[in-house]
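Participant: Listed below, chain by chain, are the residues.
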Amino acid sequence: MNPLLILNTALSSVGANKLRAGLTLLGIVIGVAAVVSLMAIGRGARETVTSRITALGTNLLFVRPGSATEGGFVFGQGTAQTLTLEDALAIEDPVFTPDVVAVAPETSTGLQIVAGSQNTFSITLGVTSTWLDVRNIELSSGRPITPVDVANELQVVILGSNVAEQLYESGAPLGQTARLDGRQFTVIGVMEHQGGTGFGNIDDQILVPLTTAHFRLNGSRTPQGDITVATINVQAAGPDALDDARAQVESLLRLRHRLGLDDEDDFTVTNQQDTIDTLESTTDTFVVFLAAVAGISLVVGGIGIMNIMLVSVTERTREIGIRRAVGAKRRDVLMQFVTEATLLSAAGGLVGIALGSAVAELIDGRTFGSETFQTVLNADVAIYALAVSAAIGLFFGIYPAARAARLDPIDALRQV
Amino acid sequence: MTTPVIELQDLRREFRMGDENVNALDGASLTVEEGEMVAIVGRSGSGKSTLMNILGCLDTPSGGRYLLNGEDITELSDDRLSEIRGRYLGFVFQNYNLLPRVSALGNVELALHYRPRRGNKRALAMEALDRVGLAHRSAHRPPELSGGEQQRVGIARALVSDPRLVLADEPTGNLDSRSSDLIMATIQSLNRDDGLTIVVVTHDDEVAGVANRIISLADGRVVEDRIIEPRIVVSPIGPSGPEPVAPSATPTPDMAPGVTAPDPQTL
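The listed protein sequences derive, respectively, from chains A and B. Using my numbering, you'd call the opening residue of the first sequence number 1 and step up by one each time. Using my numbering, you'd call the opening residue of the second sequence number 1001 and step up by one each time.
The shape of chain A in the complex, shown without the other chains (with noise of 0.2 Å):
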């Protein structure tokens, strides 16, 4: 029996009971369409993650301070107080480091900001006139940290988006004035909404002039007195300079922090890539969980196929005899079920997917809370899910089709 013919009975079979049919598929259909829009959700989470961080600018290196160690207790990376306001300095010579375009320092530190009735907690990074480019951040109003704001210590402070709409209802930040750790700072400037959530965000931080931070804040010196901050940005001079900058930097820091050939380093230098990779790998684990616990349903799915089937092999005992009586082999029998149980799984797949596109089409740009969902729809989620639905029809209609294959002839031509 040529292939051809097989599709087109089983075809007609399934069509021949469109409503059983139907529901039968409503359980692929859901499984199907809730793997094809979760994944499309994950992966926008993850595009999203990504295309945050690489609006950072992907030239861009981050040193850091080692860990701290006091009594052989080893605390957390950045905890350690090796880098100063020196080393950003010596980064920036051209001399040892010819990669680098530009270095943007910054301190940071916790504070309660203050105005007027409104108060917020936030991350106070102290930064130089340079950050701003460095870390390809725009205001939306007001002015820079200049080089003169720096010199002079003096107390300005450009505000995240949204630490200046909470502290300024009305709108019109500018010139007004806010406390921070009891002292009157002039706001010069709002940065533009860059997005993002949790930890980090900028958003939810303010810029102060680095020395001001220093000498008026919270500053904290090295046991030789140098100004210690907490990263230094580096800009390399394009993405393909990356490797060569971030080895020109880590061979300047080794020789001015006087690390012997045996000694580790005692900061650490990363770049956009490392997060992204770390992020992703995070959002991947995370859509892959979710994508294994709506198979889940898939299988719920191909239960369900296999009931139906039984049904009708059941059903039509009379029909399989006939088939037998005309030369049907059981290998035919068997073929012609498990077509039939793949064919109506796979059309439950096919379903499936255009059901979760339309799901995930629906979400795309929408805003639920706080968030707003990103969805990127992608053709191997949808093979896939078409290859597994198929394969389930075809696993859960094996036993329907063997029991119709062992059939007795005699006994089924005699089925009323």
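No wet-lab data here; the hints were simulated from the structure. It cannot be assumed that every hint is accurate.
To be verified - Pulled a few chain A residues facing chain B out of the computed Cβ check, cut under 7 Å:
| no. | residue |
| --- | --- |
| 1 | V14 |
| 2 | G15 |
| 3 | A16 |
| 4 | E319 |
| 5 | I322 |
| 6 | A325 |
| 7 | V326 |
| 8 | G327 |
| 9 | A328 |
| 10 | K329 |
| 11 | D332 |
As the list claims (entries may be wrong) - Anything over 10 Å on all C-beta distances counts as not near chain A; from chain B, calculated:
| no. | residue |
| --- | --- |
| 12 | G1045 |
| 13 | G1086 |
| 14 | S1138 |
Beta carbons are placed, not taken as given, at the ideal position from N, Cα and C, and that holds for glycine.
Please build the complex by placing chain B on the supplied structure of chain A, with the hints as guidance.
Facilitator: Positioned in the frame of chain A, the structure of chain B alone reads:
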């Protein structure tokens, strides 16, 4: 003499009924030559059905030998038996056994599904339907056909594959006498005009009389085997007497033997 179509030697078939063994066939021997039309008669329990199942390669004997076309089918695999059914045998059932959702043409075509592709299946099926006078009803499904028409579709299905042997199990058992005569006329014509070898199982003497040989079974053995002068069935359909349930305006080919061209199929 050519090879007999059927040769049974001391055929036995045992069934287990609880602790007891029942011999449905207890040493039946017979030979059917090509071109014969044989009626197998006997009361219920005589072993008719069991014999029919074995002749149809749907069942295998527990003892003795069954040669079909000279091939010993006693020891064959299920797959090979299926092949033999598809290639050499045609079945006509008492309850027609048609697929209810499939057109008459589709039902006839079904008998060609499970064999290697050969010629245009649809055309062959149409030809077979025409042979039983139902070409004009080819698109109808079984529920839309009368009992007699359904049985003629069944006959078309049995002959479409150009079989060596047609087995008819009580072919008129569910029909009134008028339709019965038409069916028997059709079957007789297949034998007399096309030379098909036919075995009919029946308990109806009228039906048995259409054959040219009657074999009687009792207790699983052949008790009588005689050649008779067959009753030539005249189809009741005429200008004044259409078939009662489904009137058919076109005359059927089996009413006018000799007009029908011989089956052009080649094996």
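Participant: Compare the structure with the hints numbered earlier in the document and write down the numbers of the violated ones, lowest to highest.
Facilitator: Violated hints (numbers, rising): 1, 2, 13; every other hint is consistent with the structure.
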